[in-house]
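Chemist: Residue numbers (the numbering used here), protein chains in the order written: chain C, -18 to 99; chain A, 80 to 802.
Honestly, the hints are just simulated from the structure, not real lab data. Keep in mind that a hint or two might mislead.
[What the hints assert, rightly or not] Among the chain C residues that face chain A by a calculated CB cut under 10 Å, a handful are:
no.	residue
1	H7
2	F77
3	L79
Even glycine gets a Cβ: it sits at the ideal position worked out from N, Cα and C.
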Amino acid sequence: MSDFKIAQREKDSVNVLELKGYLDAHTAPKLEEAFMSLLQTRRFKIVVNCRELSYISSAGLGVFMAFIEDVRKNEGDIKLTNMSAKVYNVFDLLGFPLLYEIFKDEQDAIRKFFEKSK
Amino acid sequence: MIKLRRIFFLASAFLLVLIKFTIDVIGKNVALEIGGLSIFRELTVIGTFVLLFLTADATFRRRDQNPVRRLGVMLILMVAMIVISVSLNSMPTGGFDAKNLALLPLDYPTIFVASLEGLAFGVFTLLVLQSLRDLILYQRKKGTFRNFLILVGLILIASCSAIVQKPLDTSIFTSIFTGLAVLLAVVNSFRLPWIVFLSRREKIYTLIFTLLLFLGFTVINTVLLHTSAASRLLLYYSYPLKVFIDLVTTFGNIFFGLAFVSTLFHLPTAEAFDRKRSEVASLHNLSRLITQVFDFNELMETVTSMTLEVCQASSSWLEIIHTGDESVEERAAAQMLLQGTPHRPVLLPAEVRSEGVHYSVQLAGMKNITEREIWEIMASGNGNVREAVMVDLKPLVVDDFTADPRLRHLRKAGLKHGSLVVVPLVSHGGLLGILYATKEAKYGFVKDDVDLISTFADQATIAIENSRLIKKSLDRERLFREMLVAQEMQRKLLPQMLPKFLPLEIGAISTPAFEVGGDYYDFVELGNDKIGIIVGDVSGKGVPAAFYMSVVKGIFQALGKTCSSPREFMIKANEALAGSIDKHSFVSLIYGILEIGSGTLTLARAGHCPMLHIGHDHVEYIRPNGMGVGLSRGPLFDGAIEERTLLLREGDVCVLYTDGITEARRGEEEFGYERLLQVAQESRTDKAAGICQQIMNAVKTFTENQATHDDLTLVVLKWSGHT
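In isolation and in its complexed conformation, chain A is listed as follows (with noise of 0.2 Å):
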C-alpha cells in the first residue's frame, strides 16, 4: 500500500517535472503572457518538490539511527552534490539574457541543464532538511519539534514571498524571513545532544565528518550558490527553490559549524564519559545476575564474562571455595551445583591445606584463559594470589605480574599478563569463591576498576547464594512430592478393603510416623474356610523400612496361599528374606491362620509383639516362641519358630498390633502392654472397628495427641461365634 503510494508520488513529480520543462521550452520561443502562468510554473516546482519530500520520508525513515553513520551518509550526498553541480555547471550552454530583471534562456540545453541543476539540488536539500530534522529531535524536549517546526515555516515563507519575484529582483519581505529562518537555524543548531552519548571512537569520526560536512557547505553556500553560473540556472528554473536551497544549506553550515566545535569540545573528555557510560551498564546489568540464579552454570558465565565487560580485563575466572569448616552435605549440594560445568578442576588441586585451614578449589568458569595457565599462576613457591586472598579476604591487586615475587616465576613462561586483580567473594557464611581479572598492560587496573569489580563480587555472591538457596529449596520440594506419592503408593499396599468372612468382624488402622513408614498388616483366602492374618513391622523407620514394607507385601502375596501353616511361612518367608535384608534390619512378623468352621486359631510369632486375646474368663498374652525374620538363616530360625493354636469362642476378642502402640510414650512412661489389655477388655463388647477406634484414642490420650515417633498398626478379629 505504502509502495504504491511512493511510486503515485514520484509518477506525479516525474509528470510535474515535464509540465514545468514543457512550460519552460514553449516560453523562450514565444512570450506567453498568460496571467498567472508564471505562479503556475512556481506552483508545479512546489509541488513537485512536496512529492518528492513525502516519496523521501518514507523511503529513508529510521534508516540510520546511528548519527554518525547519517554523517557518512550526508558526507557522501554532499561529495555527490558538488560533483554533479560542477559538472553541469561546466556543460557548453548558451546561458542566459538578462532583461528586466528576469532570465532569459538563450538555447534548450540551457533549459535542461537547469532543469537537471534544480532538481538535483532540491532533492539534495530535502535530504539534507531530512537529516537535520532527526538529528536535531535527537533526544528530544519540549520545544525541540517547535523549534524547528517554525524554522521549516519561516524558510518557507521566505521561499513562497519569492513565487511573485523575478528571478532578479530582491523584496525586504523575503530579506525578512530569510534573516528571521537564518536566527531560528543558530537557535536549532544548538541542539546537539547527541555528541555527548557518543563513544571516543565515534566522537573522531564525527569530528572530521562534522569538519568536512562544514567545509562542503561552505563551498555550497560561498561559491556554488553564489557564482553566476550555478545561481542563475537556480534563479531561473525557480527563485523560491533557490531561496529555500540557500537557507537550508546556511542551516547545515551553521548546525555543521557548531557541532564540528562542539564535539571538538567534548573530546577530551570522552574517555572519562566512556568509562562512566560503561559503568552505568555494568551496573545496570548486574540485574541480569538476579534472574539468572535458576541456572547455576550459566549464571558462572555471566559472572566471568562480565567482569571483562566491568574493566575491560582481558581474562577472569572464578574459582568457587570449599572450605573445610562446611559441612559433608553443604559441599556435596556445591559440588552438585556445579556438575555438568564444562570446567573441570583437572590441574588444580583439589584440596589444599594452607595455614591450618582445609580447602578444596573449584574452576566454576573462566574466559579467555586456561587451565593450564591458572595452574601456573599459582604455582609459586611464594605462596599464591589465592591463599593471600583467602587469608585477607580483601581485593588484591598486582600491577606488575613481574615486580610480585607471588607472579615472578611467571617470566620464564612467557605469559600474556601484565596486572592482576583478585576480589574475594564473601558472603556471610564466610568465603564462597574468588574472582580474578587480568589485564595485559601493567598498571592496568585503576581505583576505579577495583571499585566496580568489588561492587560487582558483592552482586555476584548474592546471586550465587540465591541460586545455592533456590536450588536447595527447590530440591526439598521435589522431596516433599515424592514423598508424598511414595505414602500414597503405600497406602494402596496395605488391604483397601477388609475382607468379609462371618461370623469373624475385623477393624484395622495403620498411621506411619513420618510419611511412610514400616508397618505392615494384610489378610489372604486360603480356601477350605481359612484366612490368614499377617501384622508386621520393619525394623527402623522412614524410607528404608518402606522399602522393606513393600518386599514383605510381595512375600506375603507370594507364599500366603501356598503355605498352610503360619509356621510353615514364617520359615519360607526367611528363606526369601534373610539373603536380601540389610545385615542390621530385620522384619518382626505375626501370622494366625483361622478356621472359620471351627473357630480355631493358629499363631506363629517371628519376633512380634505377643497377641492380646481376650476370651470369656480370662485375658492373654499369646506369646508362642520364635525370632525375628532376617536375625538368622537356617536352623536356628526354624527351631526358635513355635505354634501356638487355641478356640475362638463367642465374643472372643484378638488384638495384633506393632510395638508403636505399647512403645507410645508420655515423657519417660510407656503406654505398655497393661494400659492395652485394659483398654481392650474395657471395649470388648464393642464391635471390631469400634474397639480399635477406642484403643486409638487412648493411645492418643496418652499421649497426649504429641506426634508418635513411631508406626502405629492395630488389627483386632473379634469373633461372633456360629448362630
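Next comes chain C alone, as it looks inside the complex (with noise of 0.2 Å):
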C-alpha cells in the first residue's frame, strides 16, 4: 500500500498540515490524530495543505467532518489549499465546497484568517 504522511508547521500562529499521498480508511486514523493533537493544544487555527496528496476515499474525507464542528465552536477553522484537480473533484463531488474554505494557495488561507481576527 502507498503511504500516507503529514508535516506539521505553525506559521504566524496558523498550523498548517502538509498532507502527502494516499488518505484512505488505513491512513485515516493517522489525519485523525494529527488534528487530535492539535485541538488538545487548543489550536484551532488549521490549513490543511493538499499539494503532494494523490487520492482521498470517503473515509479520509470523513476525518474533516469529524473535526469540524469542533474547530469553529472554539473560533478556528478547517482550511484547504493547494488541491490537485483529481482531489478537488472528490471534494466537489460532495459538496465540500459548501462547507469549507479552499483556496489555491496556503498563503491566501493564512492571510484570511488574519483578515476575519481583523
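With the hints in hand, could you dock these two chains into one complex?
Modeler: See the structure below:
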C-alpha cells in the first residue's frame, strides 16, 4: 500500500498540516491523530495543504467532518489549500466547497484567518 | 439367580452336616460295620466344605480390594476363631476313647462339640485360603496362578489321602504330600508385590497386622491344633479336614511371617517410595491439564490444586501477569478470558511499575489462601518475591519466612507460612504468570519439590497458552460465521429481482470489497407509471458502512413512495439521517425518477458520482449540484441540491455506479471516468445486463483481477423507447 505522511508546521500562529500520499480508510487514523493533538493543545486555526495529496477516499473526507464542528465552536477553522484537480473533484462531488473554504494557495488561507480576526 | 444358587449350596451343605451328625450319633451306639460307610462319612464332610467354599467365593469376591483391609478382616476372623475354639475346648465333654487307632466319643456332647469345632475351623480355613489366594494373585505374573493351583492341589491330595486312614494313624503317603505342600506354601509366600505399593501409613498397619496374624497362626498351629483336646475333636470330626486345616494354617503362618519381614524391610524406604509415587501420579495427572484447555477458569483451578498435590504444599496461588509491552488487544483478550473468575484482583495492585516495566497482575486461582494474605506477602518495603522472579525469570525458594528481608514483615502478622517457592511461567512470548506454593514448615521444599514444581509449571504454561490460542481461534471462527450471516442478510437487502418496466431495461451488479459493504441500490414503483432508481454509497467500508447501508434502505423504503421529486427525497433523507449518523460518516446518493410514458428522467445527486448518459449523438456525465447526505443539516444542504431533467430517446443508456468503479486501481493508475465512458459507449448496443457485465469485466481486466479495495456497484438503464 502506498503510504501517507503528514508534516506539521506553524506559521503566524496558524497550524499547517501538509498531507502527502494516499488518504484512505487505512491511513485516515494518522490524520485523525494529527487533528486530535492540535485540538488538545487548543490550536484551532488549521490549514491543510493538499499539494502532495494524491488520493482521498470517503473515509479520508470523514476525518475533516469529525473535527470541523469542534474547531468552529472554538472560533477556529479548517481551511484547505493547493488541491490537485483530481482531489478537488472528490471534494467537489460531495459538496465540500459549500462546507469548507478551499484556496489555491496556502498563503491565501493564512491571510484569511487574519482578515477575520481583525 | 446367583442368590438362589447360593441358598441351594448352603441348604445342601446344611443337609450334609445333618447326615454326618446322624451317622456319628448312630455310630456311637452301634458299631456300623457297613462297607464304605466311613468313606461316605468323609465324603459328606468334603461335600460340605466344597459347597461352603463355593458359597463363600460367590459371596466375598472382590469385597475388600485393599490388601490392608483384607488383613484387618483376617485378623478379626482369626481372633474370633481362637475365641470359638478355646470356648469349645473348655466345654465339659466326655472326650474320646482311643481304640485301634480310632476315636470313639464317650458322650453325645462330644459329638456335637466336635461337629461345631470342625465346621468353625473348616469355614475359617476356607476364608483364610480365599484371602491368601487374592493376596498372592495381586499383580499376578505368568506362573503365579499355576503355583497357587499346585499348592492347593497338593493340599487336597494330602487331605484326601487321609480318607481311608483311621484318625490316629499316619501314612507315608500323606506325609510326602504334606511336605510338598509346605514347600509350595513357602514358594507361594514369596509372592508379596502388594507390599511394595502400599503407602507408608499402610505399611505400618500391614506390619502390625502381619505380625499379629503370624503370631495368631503360630498359636493356632502349635497350641490349638496340637493340644490333644482340640486336635482330637478335629481328628474325630474328619481326618482329611484336619490335614487340610493344618496345611492351610501352616501356609498362613509362613505367608504372614514372610510378609511381616518383607514389610519391615520396606518400611525405611516407604517415604521415598511415597514421594516418587506421588511424583509419578502428578506427572501423569498433567495430561489432565491438556484436556482442560477449553475452560480457562477450570484450568486455573486445576493448576493451583495440582500444585498442592505435586509437592504437598499447604497453599498455592497463580497470578497472570500482563506486561506493558503487550498490545492493548492482547491484554483485553487475556482479561476477557478471566472474566467471571471468582477471584477478582481487588487488593492486588492493578498496575505496578517495577524496574521501568509496566505490568498488571491478575489473581487467576488460589487454594487455602486469601487475597488479603497474598497482598500482605507482597506488601514489603524491601521489594517482594513477585518482582524478584519477574526480573530473574527463575524459580525462587524461600526456606524461612522469618529470615528473608522480603517477607520478614510478616512476622508480626502471624501468618501460618514457613517456606515458599515461586516459579515463573515463561513462554516464548515472555512471562505469562507466576505460580506460588507455601508450606507451613520451614525448609519445606527440597530440591526434588522445586524440580517437580518447575516441570509442572512448564506444562501449565503450555496449557495456558494453548487455552488462549484456542479461545482466539474460536473467536475468529465465530466472527467469520457471523460475517457470513451478515453477508447473506445484506445480499437480501438488495433487490432480489429487477423490476420489469418495458420499455426500460435494467441491469445491476454489486460486490462488496469485504464480506459486507456500504453500497446500495434499489428501485421503487411510484404509481402513474413512474419508477424511482437509487444508488448510494456509505463512506468507509465493512461493518460500520453496512449498518448505515441498512439504515439507508429503511429510509428509502419509507420515504421513496411519498416523495414526488428526487430533490424532495434527498432533503427528507438528509433530515432523517443527519441527526443519527456518526460525525465522520456520510452517504452519497443519486436518485432518478423516470416517467415511463414520456421517457423523462429527473435526477438529483447528493454527493454521489455523476450519472453517465449515453445518448444518440452525445455522451455526458450528468452532474447536478448537491452535497453528501449527513454532511450538513438544514438550509445549506437543501440549497445545494439541484435537479436535472433529461428526455431519454430510443437506445439511450444511463450508467449509475459507485466510486469503487472509477477509483479501481492498478498501481497508481485509476480506472477513471474516461475508461468507463469508453467501455459503456462501445457496448451501448448490448442489452442492459450485457453492458453491465462488460463494464465489470473491463474493471476486472484493468485491475488484473486483483481484489478491489472498495465496494463495486453498477446499475445500467437502457431505454428502448416506445414502439
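Chemist: Hint by hint, note whether the structure agrees.
Modeler: Taking the hints in turn, this is what the structure says about them:
no. : hint : in the structure
1   : H7   : holds, 9 Å
2   : F77  : holds, 8 Å
3   : L79  : holds, 5 Å
Taken one by one, the earlier hints all hold for this structure without exception.
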